[in-house]
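Asker: Here is how the chains run, residue by residue.
Number of protein chains: 4
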Amino acid sequence: MIRVGIFGATGYAGYELLRWLQRHPQARVVFTTSESSAGKTLADVIPGPLDAPLIAPDDAPLGDVDVVFLALPHGVAAQMARRARGAGVRVIDFSADFRLATPEAYRRWYGHEHPAPELLPAPYGLPELYRALLRDAPLIANPGCYPTGALLGVAPLLMAGALTDPLIIIDAKSGVSGAGRVPKQNTHFVEVNESLAPYSIGQVHRHVGEMMQEAHRIARGVTPEIVFTPQLLPVSRGILSTIYLRVPETWSETQARAVYTAQYAGEPFVRVLPAGQLATLAHTTGTNVCAISVTLARPGLLIVISSEDNMVKGAAGQAIQNMNVMFGLAETLGLL
Amino acid sequence: MIRVGIFGATGYAGYELLRWLQRHPQARVVFTTSESSAGKTLADVIPGPLDAPLIAPDDAPLGDVDVVFLALPHGVAAQMARRARGAGVRVIDFSADFRLATPEAYRRWYGHEHPAPELLPAPYGLPELYRALLRDAPLIANPGCYPTGALLGVAPLLMAGALTDPLIIIDAKSGVSGAGRVPKQNTHFVEVNESLAPYSIGQVHRHVGEMMQEAHRIARGVTPEIVFTPQLLPVSRGILSTIYLRVPETWSETQARAVYTAQYAGEPFVRVLPAGQLATLAHTTGTNVCAISVTLARPGLLIVISSEDNMVKGAAGQAIQNMNVMFGLAETLGLL
Amino acid sequence: MIRVGIFGATGYAGYELLRWLQRHPQARVVFTTSESSAGKTLADVIPGPLDAPLIAPDDAPLGDVDVVFLALPHGVAAQMARRARGAGVRVIDFSADFRLATPEAYRRWYGHEHPAPELLPAPYGLPELYRALLRDAPLIANPGCYPTGALLGVAPLLMAGALTDPLIIIDAKSGVSGAGRVPKQNTHFVEVNESLAPYSIGQVHRHVGEMMQEAHRIARGVTPEIVFTPQLLPVSRGILSTIYLRVPETWSETQARAVYTAQYAGEPFVRVLPAGQLATLAHTTGTNVCAISVTLARPGLLIVISSEDNMVKGAAGQAIQNMNVMFGLAETLGLL
Amino acid sequence: MIRVGIFGATGYAGYELLRWLQRHPQARVVFTTSESSAGKTLADVIPGPLDAPLIAPDDAPLGDVDVVFLALPHGVAAQMARRARGAGVRVIDFSADFRLATPEAYRRWYGHEHPAPELLPAPYGLPELYRALLRDAPLIANPGCYPTGALLGVAPLLMAGALTDPLIIIDAKSGVSGAGRVPKQNTHFVEVNESLAPYSIGQVHRHVGEMMQEAHRIARGVTPEIVFTPQLLPVSRGILSTIYLRVPETWSETQARAVYTAQYAGEPFVRVLPAGQLATLAHTTGTNVCAISVTLARPGLLIVISSEDNMVKGAAGQAIQNMNVMFGLAETLGLL
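Residue numbers (my numbering), protein chains in the order written: chain W, 1 to 336; chain B, 337 to 672; chain H, 673 to 1008; chain U, 1009 to 1344.
In case anyone wonders, no lab produced these hints; they're calculated from the structure.
Be careful, since some hints might not be right.
Here are the computed lysine-lysine pairs in the DSS-like style, where the Cα-Cα straight-line distance is at most 30 Å [to be verified]:
| hint | chain 1 | residue 1 | chain 2 | residue 2 |
| --- | --- | --- | --- | --- |
| 1 | H | 856 | U | 1192 |
| 2 | W | 40 | B | 376 |
| 3 | U | 1048 | H | 856 |
| 4 | H | 712 | U | 1048 |
| 5 | B | 520 | B | 376 |
For reference, chain W alone in the conformation it holds in the complex (with noise of 0.2 Å):
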């Protein structure tokens, strides 16, 4: 049994892992922490079917613990990292802290020095990517919610050295959740409702900095360049990206998808769909899986659509996969 503790159990990310961890066979939550509701109940905070005793993060037990979740503020995240990790607990983080590899990437993306620098590089927590680099992990970095559909819409074309120009637009959606639970202007139910709403398109949102690394370690051939256009769209969760690429032009739609089939043959959370059905939001909610679907558009130009629950593969499960892989558990424990 795996001994878990949760820092930020009363954010949407944490929440929704203290959901799945309840199911989960191997896994026994032992605390959950709150900065502003330490004291009270989760029940107490959120109306909602969950419940458990927040405590102060500094009164953390963390002797009793195997792992922790870290559903932290970037720069927080790191600093209790190096706390865990001195008291020689492993860590999965939700932030961003170590998705970079280098402290100058992390500057550049995040406009301050990072907190931890003696912790980089951490793996980075896609296991249909790097799953050997996570077994007995001490610290994986979970990928952004964006990045997570992305890099699975676009890696087995990057693989497979297909591209034939390096621009990939990426044309994204996303529920509510994730911009945070803190209630701020843009995610007040009158202004998202009835609208959609794009927000640091082009090459300035924080994620195109995890995409542009990690799509550079697996790309063989032309290196890629990614335009990225984040939308806040009216619903609470996922994540659709569509994706623009150019591949030979004597490419047929069945080569197209072969190389994500075979790319994903045996992955038990990714689903290639098959000719005709184009991925939405409804094929992915509540579940781990990112489901993807390949659509020729004309000679040359692919459209891959990628859907993932952004709590759920983009966060929470993710992050329990990442568990379970870096304990030698079955990786779909807990998780089906």
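Got chain W; can you put chains B, H and U on it based on the hints?
Answerer: For chains B, H and U alone, kept in the frame of chain W given last:
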């Protein structure tokens, strides 16, 4: 041409007011204020169709206008009303500051002293009930969003002295714009979406004071007692109030409906639905109409359903209707 | 391992049932039927996470299963129940066919003769009220979605003989999945979205028959009279029922709540909320729980709010709970 | 006063048209037809604010009107257009029947012979591009909802000959009203809500034919090639099109935006947003405006985002704008 000033143009009600006034053939908006965004324009602050320069409330040229609309927090509104009245400008106040007739009632429901008691009492701006009192009034208290639909829904029976039991149950559901534009936890998209959340139920919501005051004023026979169940609905605008009342056991549904059609004959903004139709939000969205259906649930128990757009008949539209009455214009001007 | 057949897997309730059964450690789904899509697979028909071959109902191998769930239209369900019982297979029926105890009541509410009167009466599958009758039952009538939440909300008071007036007002709001998957005008997205639509109010909705029957069965003292206001809510799932009841004028809220906590002590799927919390849809979405809040509106008038997920406690989850009871398993198996 | 007939008043576009025409100071609606609801009134059929008698199309008094709007299915519309033209009545057609210039193009995209080829070609009713052709036109083809926003979004660059690569990617998201009022599985609330569903992607959607025809007509330099990704969005109205185009590597964002502001200077219904603002649905909901933002994603790649209300600028509003031009009225009459 009536010269108009709007205080609080960046809230939902103020913004809606500006939208309607731009189509009003006899009104011209001279200034729009914003406490927090003075110096910017409306289009800088809100991604919508409107634009106008925003000035600080203190800089408002009261000498240039005939009437001001106050879409301000309660407490603040009364102070601005005093200033405007001091300058000889008429006032239509969206806040609760002038809805209760006495400083004592205000203290009881709002918990502090009334900031401008010398202006009390002001006529209650529900033209269908108090039209004569609104003509040439220097100050009108625009009714609350919930009380508008609720009072129009119960008034005919109260005025007819038809209640056989004092208890009136009002089960009301409101769109989120009613909670204002300042982001709070309970207006976060993810908290509202796919939920329905009752709050302040029983006799504690501040609108109960206003509803009881007006119900008592118009009732014949028994003194009504209101129990009120407000609920936050995952829509942007609209209030549907389902009202349960006891009437004589001998009454037919036709007889009950006739009380309503008689009361509201000739009213341009109340629509009593024919037998077989139930009021829905869709009946009134985007209009200044209150739609009312009357159903006999069983002998002696009537279900009246009242629908209004909380931003129009429940706020900005009714304010313009009041302005039209105040200045002796056709009541429907700019509202069709 | 219980061998299960599902009739009607492409409707919302059947689909939800399959989702939960796939996680049930003691159940194995042997077949899934669809009248209109036989020969296809579930993933061909519905863009969601599940897949299973769909066979014609007539081809269902009844000899291979221990129990069948009937997620079929009323009328059709009773005929299939007869066939299953003839083959010695147990039945849990989602339709209304076995909820009313007599053919006369069925004729009155459903307008035609009962198709299998020899199977009446069947136990009413609300385990919190009738657990003892469900053990080893050959046929269980799974309750309607509205009656589940309504009856759990009123039962403690009725059993305590606490009503001082027979009238019970149930103002209920349901998500759209309750209206079924066949597209109709009133379930079109644009008609539902941003609206709230009452329908069949008073004492005409068919669920009134079922609620009255069960309320009469358990009530002590006055014979309850139910007035029911169903409303279509712009959410996919969930029912919130706001219930108004008269209790002795001397009762405190604490006293009233104690009746509920006593009644439901030890119930795994009923959660009585503490003072100060009101039940919302978010309390129960995705769970088999019914959450109940108890508020004294004023002396003698109680507001009980009951929240359930209409697809889980109101349909598929309760059916599995019934299966667990029927077969002597732990009642929570597969439902946490 | 222009005398107007509306064919197809119970569809979303026809209903919206009637709403706007009731405010138009120079138009009077003489009749409204409905194939399926003739003999009833609009308020009988649709729970909304409007009412009007519905007559059978065959009973429409063509002699009493100056212009008819056809909100009818394609194929049916062309036949009615022939009848109206035979009676000397002008026609503004919402269907696709007169948007393609030749019978051959129509056959290719719609799969059957054109029902009234003698009326081809008709001017394409996008006033911002073809104003001069619309004056006094006897028949105008009102553009499709998607092509309106897409063409306004690409036209300035095409007319400037600025494309450096023929490929234009249009990633478009539409509210559900665009799919019509007849209920289908893919417009069922539960299927649309909390999802996002691409359909007919690549070069197969019928609007591609219309977009390509018009893009070719106005382009200088390279012949554009359009790839189109329509997606069904869980909102009632609005289309947001994110458009990716290649421009010279030396262009600045300011330079690109200047092409748009120059092209649309003086246009009352196109709003080019200033630097730093991105177009959202909220910019245009309920208005006849198309809002456009221009962002340089990286050297040589432009992201143009175009927002429109598909029911107004994408249908009824543009039709009235066309009527105003056709009859020599001020173009904004009834549309502000």
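Asker: With reference to the structure, classify each hint as holding or not holding.
Answerer: We went through each hint and held it up to the structure:
1. H/856 with U/1192: holds (8 Å)
2. W/40 with B/376: violated (42 Å)
3. U/1048 with H/856: holds (20 Å)
4. H/712 with U/1048: violated (42 Å)
5. B/520 with B/376: holds (24 Å)
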